[in-house]
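From first to last, the protein sequence lines are chains A and B.
Counting in the working numbering, the first sequence runs without a single skipped number right up to 117 at its last residue.
Counting in the working numbering, the second sequence runs without a single skipped number right up to 113 at its last residue.
Simulated from the structure, these hints should not be mistaken for lab results.
Just so you know, not all the hints are guaranteed correct.
[Said to hold, decoys possible] Straight-line alpha carbon distances no greater than 25 Å define the calculated BS3-like cross-link-like pairs of lysine-lysine that follow:
1) Lys16/A <-> Lys68/A
2) Lys43/A <-> Lys4/B
3) Lys57/A <-> Lys68/A
4) Lys22/A <-> Lys68/A
5) Lys44/A <-> Lys4/B
6) Lys44/A <-> Lys112/B
7) Lys57/A <-> Lys22/A
8) Lys43/A <-> Lys68/A
9) Lys70/B <-> Lys4/B
10) Lys57/A <-> Lys43/A
11) Lys112/B <-> Lys66/A
Spelled out from the first residue to the last, the chains are:
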Amino acid sequence: GAVVSQHPSRVICKSGTSVKIECRSLDFQATTMFWYRQFPKKSLMLMATSNEGSKATYEQGVEKDKFLINHASLTLSTLTVTSAHPEDSSFYICSALWGPGNTIYFGEGSWLTVV
Amino acid sequence: DAKTTQPNSMESNEEEPVHLPCNHSTISGTDYIHWYRQLPSQGPEYVIHGLTSNVNNRMASLAIAEDRKSSTLILHRATLRDAAVYYCILRDVIDAGNMLTFGGGTRLMVKP
């Protein structure tokens, strides 16, 4: 079964508003989670590393003030897209480590459409 | 990060075996070979991983070349549900081993 869950799976928001996407680790603690973005027909691009209790680490070119990441607990990381624009429309996916082999598992993904 | 090279797409017939190749000529000694697949509109799904020896699990088999510069993911009997993009990824568990860098992957199409 799924070990990482995202919510919502789909969201539509108006341009200029903010939207929050949640990533939860199910029945395990995740001190580190990762956020990816994927445009249609493209591969996944790492946006940031979310660290529990500390600031996220952003990849080059990703605006930290636009994509706010909060990892306030060991089972929840949130990604907030602030002042969303149509070009932010994308598939957002989170991942976390789980299991004795530290396998990386991914959430189901969240489709964001900004209109 | 060491890079991988995969064919853009492959076709298979249902219930036939599928061999998905991956080249990773610059692999380092601490790189594990991971395979993930992504079904349409879903997050990537872990398939299998290995270091040097061939590996089998309920989903697939992983054959690793003796020099580790290439590997092959084997689906023993393709089903329509196996149609997905398959990513071959190197993960260095010593250095920055907790993130994955995705390449283009191979889009597998399965014909009934």
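Against the structure, the hints:
Restraint check: the Cα-Cα separation between lysine 16/A and lysine 68/A comes to about 15 Å, which is no more than 25 Å; the hinted pair holds. About 20 Å separates the Cα atoms of lysine 43/A and lysine 4/B, which keeps this hinted pair within 25 Å; it holds. As the CA atoms of lysine 57/A and lysine 68/A are separated by approximately 14 Å, the hinted pair is consistent with the 25 Å bound. Straight-line distance between C-alpha atoms of lysine 22/A and lysine 68/A comes to about 12 Å, which keeps the hinted pair within the 25 Å bound.
With a C-alpha separation of about 17 Å, the suggested pair lysine 44/A and lysine 4/B falls inside the 25 Å cut-off, and the hint holds. With a C-alpha separation of about 23 Å, the suggested pair lysine 44/A and lysine 112/B falls inside the 25 Å cut-off, and the hint holds. This hinted pair checks out: lysine 57/A and lysine 22/A have alpha carbons roughly 17 Å apart, not beyond 25 Å. Between the alpha carbons of lysine 43/A and lysine 68/A the distance comes to roughly 24 Å, so the proposed pair stays at or under 25 Å and holds.
Restraint check: the Cα-Cα separation between lysine 70/B and lysine 4/B comes to about 11 Å, which is no more than 25 Å; the hinted pair holds. For the given pair, lysine 57/A sits about 31 Å from lysine 43/A by alpha-carbon distance, which is inconsistent with the 25 Å threshold. With a CA separation close to 44 Å, the supplied pair lysine 112/B and lysine 66/A exceeds the 25 Å bound.
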